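Residue numbering for the sequence shown follows UniProt numbering, beginning at 1 and increasing consecutively.
The reader is advised that the hints may include incorrect statements.
Think about it this way: if two alpha-carbon atoms lie no more than 30 Å apart in a straight line, the pair counts; the simulated DSBU-like pairs of lysine-lysine are [to be verified]:
no., residue 1, residue 2
1, Lys30, Lys16
2, Lys273, Lys292
3, Lys216, Lys297
4, Lys229, Lys206
5, Lys320, Lys229
6, Lys16, Lys273
7, Lys292, Lys275
8, Lys176, Lys192
9, Lys301, Lys192
10, Lys216, Lys320
11, Lys297, Lys209
12, Lys176, Lys152
13, Lys152, Lys216
14, Lys216, Lys275
15, Lys273, Lys206
16, Lys229, Lys30
17, Lys281, Lys320
18, Lys30, Lys297
19, Lys192, Lys275
20, Lys216, Lys86
21, Lys176, Lys229
22, Lys301, Lys266
23, Lys152, Lys229
24, Lys320, Lys16
25, Lys206, Lys292
26, Lys216, Lys229
27, Lys16, Lys301
28, Lys229, Lys281
29, Lys273, Lys68
30, Lys176, Lys209
31, Lys30, Lys275
32, Lys252, Lys275
33, Lys273, Lys320
These aren't lab readings, by the way, just hints derived from the structure by calculation. Because the structure is a prediction, the values reported are computed rather than measured.
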Amino acid sequence: MTRLNILDYLLIDEGKTAIDAIHDTTELAKLADDLGYHRFWVPEQHHALSIASSSPELLMMHLAGQTKNIRIGSGGIMLPHYSPFKVSEIFRTLEAIHPNRIDLGIGNSTGGRLVNHALNEEKEERLTYEQQVRDIQKYISDDKESSHRFQKLIATPVTATRPEMWMLGAGGSSTKIAAELGTAFTYAHFIKPFDVGIEIVNTYRKQFKPSLFHEKPIVSIAVFVVVGKTTDEAEQLAKSFDLWMASLETAKNPPFFPNVLTASNKHFSPFEKQKINNIRKRAIIGDSNYVKEEIQKLIAKYNCDEVILIPNIPGIENRKTAIELLAKEFQLT
1 MTRLNILDYL LIDEGKTAID AIHDTTELAK LADDLGYHRF WVPEQHHALS
51 IASSSPELLM MHLAGQTKNI RIGSGGIMLP HYSPFKVSEI FRTLEAIHPN
101 RIDLGIGNST GGRLVNHALN EEKEERLTYE QQVRDIQKYI SDDKESSHRF
151 QKLIATPVTA TRPEMWMLGA GGSSTKIAAE LGTAFTYAHF IKPFDVGIEI
201 VNTYRKQFKP SLFHEKPIVS IAVFVVVGKT TDEAEQLAKS FDLWMASLET
251 AKNPPFFPNV LTASNKHFSP FEKQKINNIR KRAIIGDSNY VKEEIQKLIA
301 KYNCDEVILI PNIPGIENRK TAIELLAKEF QLT
């Protein structure tokens with residue numbers, strides 16, 4: 001059976017604060033744990049006023065301590081900003097505290113020129129993304145045999161188990177690196193919902209080399225979902241998603257995730273309406289039965305092992321309802 005996972009953006013709903021958003025996500029993670037979801041991930045988003053997730057590793061520590069069985073992960077750590085050695089130490093520490101429950105999802109988005117400069121202004125030398133990922137694989141796998149510039153360096157604490165390593169991407173170098181290093185791979189359908197995704201996933205499978213992490217290729221697909229009790233309710237909720245995404249796509253930095261009333265009162269320009277039409281191709285919107293059917297089509301299309309749901313829906317109660325409805329549809333418990 002295909003596993004269902006959640007990537008929660010820690011949305012700061014209209015009228016709420018970042019503190020509220022962290023509390024809401026904690027409640028959502030607990031519920032996801034009880035409902036039988038397999039993974040719960042949080043993103044790394046910098047200079048994003050409506051998202052309370054700039055430090056996923058800290059949120060992971062908190063969420064892992066508040067849940068019992070569900071795997072907690074990063075979706076993902078934006079590696080170009082960091083030392084691979086330090087990232088390895090952080091995630092090995094998380095693994096030591098919560099063995100067999102930690103996922104290290106890695107991405108290469110820099111977050112724009114200003115964010116990239118602020119996070120890297122003191123660096124004299126920049127490694128390639130591929131070299132950074134190779135470094136992490138070496139440190140997490142305790143590889144002291146392969147040729148490496150820090151061959152004898154060990155990322156501590158040393159543990160009997162390892163974080164599960166995932167490469168995140170929509171093509172390009174991420175696919176090649178994931179296959180060559182034998183990591184799991186998440187395809188960002190919510191970024192590129194096109195047929196090229198099938199080619200990317202198949203390329204990963206064909207080029208995959210077994211590793212200490214995985215003996216065979218593991219694929220997950222990430223997609224936006226807006227789920228309501230009825231189709232009409234889902235469409236109402238989706239108005240908030242439309243407005244928020246349209247703001248992001250037009251280089252704005254919304255201070256909160258709008259509620260349905262605010263979104264309903266928004267009059268979109270023809271340009272914005274076209275943006276929304278394109279955005280909707282990246283999401284599944286409808287009642288739980290329809291969303292289930294569309295997810296099953298994605299599973300068949302990609303022949304994937306897992307699906308990551310991104311419930312960008314206004315209000316924590318609506319997000320809770322959404323994952324409850326889908327857990328029931330997929331008979332997770």
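Handout entry: 30 Å Cα cutoff - pair Lys216, Lys229
Key = Outside the cut-off at roughly 38 Å; violated.
Problem - Distance restraint between Lys301 and Lys266, which requires alpha-carbon spacing of 30 Å or less - result: violated (36 Å)
Exercise for the section: Decide if the proposed pair is consistent with the structure: Lys273 and Lys68, CA atoms, cutoff 30 Å inclusive. Expected result: Distance of about 43 Å is beyond 30 Å: violated.
Exercise for the section: Take a quick look at whether Lys30 and Lys275 sit within 30 Å of each other, Cα to Cα. Expected result: Since the Cα atoms of Lys30 and Lys275 sit roughly 35 Å apart, the hinted pair is violated (cutoff 30 Å).
Exercise for the section: Below or equal to 30 Å on CA atoms is what counts here, so check Lys216 against Lys320. Expected result: Not satisfied, since the Cα-Cα distance of roughly 34 Å exceeds 30 Å.
Problem - Pair hint Lys320 and Lys229, alpha-carbon separation not exceeding 30 Å - result: Distance ~12 Å between Lys320 and Lys229 Cα, so the pair holds.
Problem - Lys216 paired with Lys86 [C-alpha distance capped at 30 Å] - result: Status holds; Cα separation ~28 Å.
Exercise for the section: Take the C-alpha atoms of Lys320 and Lys16, compute the straight-line distance between them, and say whether it is at most 30 Å. Expected result: Status holds; Cα separation ~17 Å.
Handout entry: Agreement of Lys297 and Lys209 with the hint, judged by alpha carbon distance not exceeding 30 Å
Key = holds (28 Å)
Practice task
Would you check the hint for Lys152 and Lys216, treating anything up to 30 Å between C-alpha atoms as holding?
Solution key: holds (28 Å)
Problem - Straight-line alpha-carbon gap Lys216 to Lys275, limit 30 Å - result: violated (38 Å)
Problem - Lys30 paired with Lys16 [C-alpha distance capped at 30 Å] - result: Cα-Cα ~20 Å, so holds.
The structure fails hints 4, 10, 14, 15, 21, 22, 23, 26, 27, 29 and 31 (numbered hints given earlier, in ascending order).
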